[in-house]
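Colleague: Listed below, chain by chain, are the residues.
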Amino acid sequence: MRKNTRVVITGLGVCSPIGTGIANFRAALIKGVSGVRYHELLKQQNYRCHIGALPLLQDGAVERFTRDYGLVKMKGTGIVYGCMAGLEAWFDAGLELLPSRDRQADWDSGCIFGTCTNGIDAIDYGIGLVDAGNVKKMGGRTAQQAMNSGVSAYLGGIIGIGNQLTTNSSSCITGLEAALEGFNRIKQGKAKVVLVGSSESSHHNVWGGYDGMMLYENFYALAKGYNQDPEKGSCPMSVAANGLVPGSGGGALVLESLQSALKRGARIYGEVLGGSLISGAQRNGGTMTINNRKSMEDVIGFALERSAVRPQDIDLISGHLPSYIMDVYEVEAWAKALGRSGRDFPYINALKSMTGHCFAASSSLELVASALQLQGQFIHPSLNSEQLHPQIAALVSRKKIPLRSVKKEVNIVAKTAFGFGDVASCIIFKKWRTD
Amino acid sequence: MKDRVVITGLGVVSPNGIGLKKFTSSIMKGQSGIRFIPALKDLSFRCQIGGIPSLSEADKTKFLHKHGIEEVFSTGITYGCIAAAEAWQDGGLPFCGDSEDPDYDSGCIFGTGSNGIEATHYGIALRESGQDTRKGNPKALPQAINSAVSAFIAKILGLGNQVTSNASACNTGTEAILMAYDKIRSQQAKRMLVGSSESNSPYVWGPFDSMFATAHGFNDRPEKASRPMDKDAAGFVPSSGAGALVVESLAAAKKRGARIYAEILGGHINSGGQRGKGTMTIGNVNGMTRCIKNGLKSCGVLPGQIDLISGHLSSTIGDVTEINAWVRALKRKGNDFPYINSMKSMIGHCLSASGSIESVAAVIQLYHGFIHPSINADQLHPEIAALISHEKVPPHLVKDVDLNVVCKISFGFGDVNSCLVLKKYSE
Chain E
1 MRKNTRVVIT GLGVCSPIGT GIANFRAALI KGVSGVRYHE LLKQQNYRCH IGALPLLQDG
61 AVERFTRDYG LVKMKGTGIV YGCMAGLEAW FDAGLELLPS RDRQADWDSG CIFGTCTNGI
121 DAIDYGIGLV DAGNVKKMGG RTAQQAMNSG VSAYLGGIIG IGNQLTTNSS SCITGLEAAL
181 EGFNRIKQGK AKVVLVGSSE SSHHNVWGGY DGMMLYENFY ALAKGYNQDP EKGSCPMSVA
241 ANGLVPGSGG GALVLESLQS ALKRGARIYG EVLGGSLISG AQRNGGTMTI NNRKSMEDVI
301 GFALERSAVR PQDIDLISGH LPSYIMDVYE VEAWAKALGR SGRDFPYINA LKSMTGHCFA
361 ASSSLELVAS ALQLQGQFIH PSLNSEQLHP QIAALVSRKK IPLRSVKKEV NIVAKTAFGF
421 GDVASCIIFK KWRTD
Chain U
436 MKDRVVITGL GVVSPNGIGL KKFTSSIMKG QSGIRFIPAL KDLSFRCQIG GIPSLSEADK
496 TKFLHKHGIE EVFSTGITYG CIAAAEAWQD GGLPFCGDSE DPDYDSGCIF GTGSNGIEAT
556 HYGIALRESG QDTRKGNPKA LPQAINSAVS AFIAKILGLG NQVTSNASAC NTGTEAILMA
616 YDKIRSQQAK RMLVGSSESN SPYVWGPFDS MFATAHGFND RPEKASRPMD KDAAGFVPSS
676 GAGALVVESL AAAKKRGARI YAEILGGHIN SGGQRGKGTM TIGNVNGMTR CIKNGLKSCG
736 VLPGQIDLIS GHLSSTIGDV TEINAWVRAL KRKGNDFPYI NSMKSMIGHC LSASGSIESV
796 AAVIQLYHGF IHPSINADQL HPEIAALISH EKVPPHLVKD VDLNVVCKIS FGFGDVNSCL
856 VLKKYSE
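Protein sequence lines, in the order shown, are assigned to chains E and U.
Residues in the first sequence are numbered consecutively from 1, following our numbering.
Residues in the second sequence are numbered consecutively from 436, following our numbering.
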């Protein structure tokens, strides 16, 4: 690690259920809108949960995008969402695509773009053909979309990435992990710019998997009883939270060394101070689908230590908060790790109250939201949290969980993400001051 | 002063041998693991041969039961867990008990391209049957996520540092090793279990068959099909398996008196940017050359010091590009070129698993002092023959050779590259 290399955020991009494009997304955050809708297809396919959150895209937007970038025969929605968010972030940072005639790649720029299941659309297509004995009809563009690293491979080709180009995957912490990996690479002097992010396909087979999944004994993963009232289904921290609402989309950030950003006069959204990635090893109450509560607390402590930030410095927590019992565990972990409660607890909000749980994409969308809140000095609401879960109400003052956006001075945001496989992560962002 | 990084444990599940002992003897003999696979014929594949580790049902069940992960049914996840457990045990490390705290000093980067495929297929079939999705096995579904293999490994070993799965197509395994090297060098972990695995499934191989990437014309001669650098090389042979390594700081290894197989001196990860002659599926020679040069530069190794190259060499036209990249980067050719061999000549292309299985083979050769044969390179491709001497591609085992520096290289779709520099360990 080079202690003197600082890492800043210079570009943002988003393809989300509450808005695609940074301007739309920011407006939706401030307003507090829900992107969760009823989907007839899910009912037809005999799922229990018929609600979900798909990215808001104008008619023809995907077709235009794939045509503009020569993406022939794209099946992977997750790959398209990732490319849309990634390129928006790239241009937002004032960066350019390397001309296709160039023989040398952009050696100083890397891309770490994660996913859990992006290949699923292409795999589903391939399975159908293989089973029918028609493997030859699959064509030459299925392998690259079925492989886990399809999204980074497509982004790399469009941009001309010459540094590390890879896809990480660690279930619902994927986006946060990508950001920390990019941060490390810049900090170590191995890259100047790293495009980081994550995306998730909106294929019904992704959601179907969760529909039939139990998180713990007799507890199915998805929200129950909200099919008639979709916008209320995702209600993190509420007493009514009873399962996550599936979503999809993509989020992206351009991370850059401060030196490089200053040199090209880039706009700076915020600084990345550091973070931590650990696992609870599925011990002491942790399982494949529920986190070890000690590790949820420990990861916050490790992140603060690495970032040299004191517990009292945190102004806002951008929670993982998926809308079930994990919300309680997470708030307890924060209260213990920071030694703060009641009115002294930092502000805390849940983007999933608006977007549902976009799985691999969730934490990068939440990081984009964090950067926008730092830059705009506001705190977005947590919808549907009117009636707090009693164990949360006992730890956090009502005022610290805003139901409407508030203008506030936000200097430090801490973001946690937790995921299947008992993985835990935390990253710290700081406001950028030009003076 | 940054700590040195060493390799202290190895594990492997390969089409030509499961377990270090069997694998070592197979690679010394030049034994092919490629077979005719009737199921591929039934499915009308063009290429009906492949490499599948011969894991018996009984051994598999016993392993999964021993570690309390009976629900695992993905072949890639199974291979990965077996290789990881072997490497951990080979490294003399304890398996953390169920009630113990996670070991925050030890993590896992275990990659894959498609391990979730069996679970994905299961979910799709369940959906298409029109049944209630909750009639399915709830423990099957988490296996569809890409990171399932690292999650199961962490459970078996009790790993509490970073636990993740990387993916960069056929570059995955070598990349995982270099990422772990960075974690340890920057003191974010003391020890990482790294590797990669790939499922054995017609659904994984189908897309490659359809894009004419796999070997054609060898269905009746499976063991001859994978022939890297040979003039008749006609596509790669799809295969599957897993490789695993324990990568550790020298201080941690010394403290516990571990056997040290080799030292990781450094390396480089990059992409050719799909520029020049590079595309999504073909590597740009400029990216490859730069990857090798920067890998050597990262640790101050001179081109003349390289004794052996463990190539990517997949038995496609890419072999010519790779040799060109090596010759350009090292400025060595003809008889002056280092020894070079291809593990894929025996086991085919294990896709994401290839980089880690081949790295295990590279470490074994370095440690025991031999060079495994590169089979089927009967007559070098003319463009390769123009660059390097055939003598540098050994058709038979080269015994008792003093290897000091070995380079392992991998490439992958997306025009990605990684080059790893290994050295015999000395105080």
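Simulated from the structure, these hints should not be mistaken for lab results.
Think of the CB as a built atom: it goes at the ideal place given N, C-alpha and C, for glycine as much as any other residue.
Hints are supplied without guarantee of correctness; some may be wrong.
Label pairs and their computed distance ranges (CB to CB) [said to hold, decoys possible]:
#, chain 1, residue 1, chain 2, residue 2, range
1, E, Arg-103, U, Gly-769, 49 to 57 Å
2, U, Asp-567, E, Asn-134, 25 to 33 Å
3, E, Ala-23, U, Gly-739, 32 to 40 Å
4, E, Asp-102, U, Pro-817, 27 to 35 Å
5, U, Arg-569, E, Gly-285, 47 to 55 Å
List of simulated lysine-lysine pairs, PhoX-like, C-alpha gap at most 25 Å [as the list claims (entries may be wrong)]:
#, chain 1, residue 1, chain 2, residue 2
6, U, Lys-732, E, Lys-190
7, U, Lys-659, E, Lys-190
8, U, Lys-834, U, Lys-659
9, U, Lys-834, E, Lys-137
10, U, Lys-728, U, Lys-464
11, U, Lys-570, E, Lys-224
12, E, Lys-224, E, Lys-43
13, U, Lys-625, E, Lys-190
14, U, Lys-497, U, Lys-574
15, E, Lys-43, U, Lys-476
16, E, Lys-224, E, Lys-336
17, U, Lys-859, U, Lys-689
18, E, Lys-224, U, Lys-666
19, U, Lys-476, E, Lys-136
20, E, Lys-294, U, Lys-437
21, U, Lys-574, E, Lys-43
22, E, Lys-263, E, Lys-336
23, U, Lys-766, U, Lys-712
24, U, Lys-728, E, Lys-190
25, U, Lys-437, U, Lys-666
26, E, Lys-294, E, Lys-263
27, U, Lys-666, U, Lys-712
28, U, Lys-728, U, Lys-659
29, E, Lys-430, E, Lys-263
30, U, Lys-859, U, Lys-834
31, U, Lys-464, E, Lys-73
32, E, Lys-294, U, Lys-625
33, U, Lys-659, E, Lys-136
Below, a sample of chain E positions facing chain U; criterion: calculated Cβ distance under 10 Å [to be verified]:
#, residue
34, Gly-94
35, Leu-98
36, Gln-188
37, Gly-209
38, Val-309
39, Pro-311
40, Gln-312
Colleague: Please verify whether Lys-659/U and Lys-190/E have alpha carbons no more than 25 Å apart.
Modeller: violated, 42 Å
Colleague: With the threshold set at 25 Å, check whether the alpha-carbon distance from Lys-859/U to Lys-834/U stays at or below it.
Modeller: holds, 16 Å
Colleague: Hey, Lys-476/U versus Lys-136/E, does the alpha-carbon distance stay inside 25 Å?
Modeller: holds, 13 Å
Colleague: Given the hint that Lys-294/E pairs with Lys-625/U, does the C-alpha gap stay at or below 25 Å?
Modeller: Distance ~21 Å between Lys-294/E and Lys-625/U Cα, so the pair holds.
Colleague: Min Cβ distance, Pro-311/E to chain U: is it shorter than 10 Å?
Modeller: Hint on Pro-311/E: violated, closest Cβ of chain U at ~20 Å, above 10 Å.
Colleague: Given a hint of 47 to 55 Å, does the C-beta separation of Arg-569/U and Gly-285/E actually sit inside it?
Modeller: violated, 25 Å
Colleague: Starting from Lys-625/U, check that the Cα of Lys-190/E is at most 25 Å away, please.
Modeller: Given pair Lys-625/U, Lys-190/E holds - Cα atoms ~21 Å apart, limit 25 Å.
Colleague: Could you grab the alpha-carbon distance between Lys-574/U and Lys-43/E and see if it respects the 25 Å cut-off?
Modeller: holds, 23 Å
Colleague: Does the interface hint hold: is Leu-98/E within less than 10 Å of chain U, judged Cβ to Cβ?
Modeller: Status holds, d = 6 Å.
Colleague: Kindly confirm whether 27 to 35 Å is satisfied by the beta carbon distance between Asp-102/E and Pro-817/U.
Modeller: holds, 30 Å
Colleague: Keeping to a limit of 25 Å between CA atoms, is the pair of Lys-224/E and Lys-666/U held or broken?
Modeller: violated, 62 Å
Colleague: Regarding the pair Lys-834/U and Lys-137/E, is the alpha-carbon distance no greater than 25 Å?
Modeller: Violated: Lys-834/U and Lys-137/E sit about 47 Å apart, past 25 Å.
Taken one by one, the earlier hints fail for this structure at numbers 1, 3, 5, 7, 9, 10, 15, 16, 18, 20, 22, 25, 26, 28, 31, 34, 38, 39 and 40, listed in ascending order.
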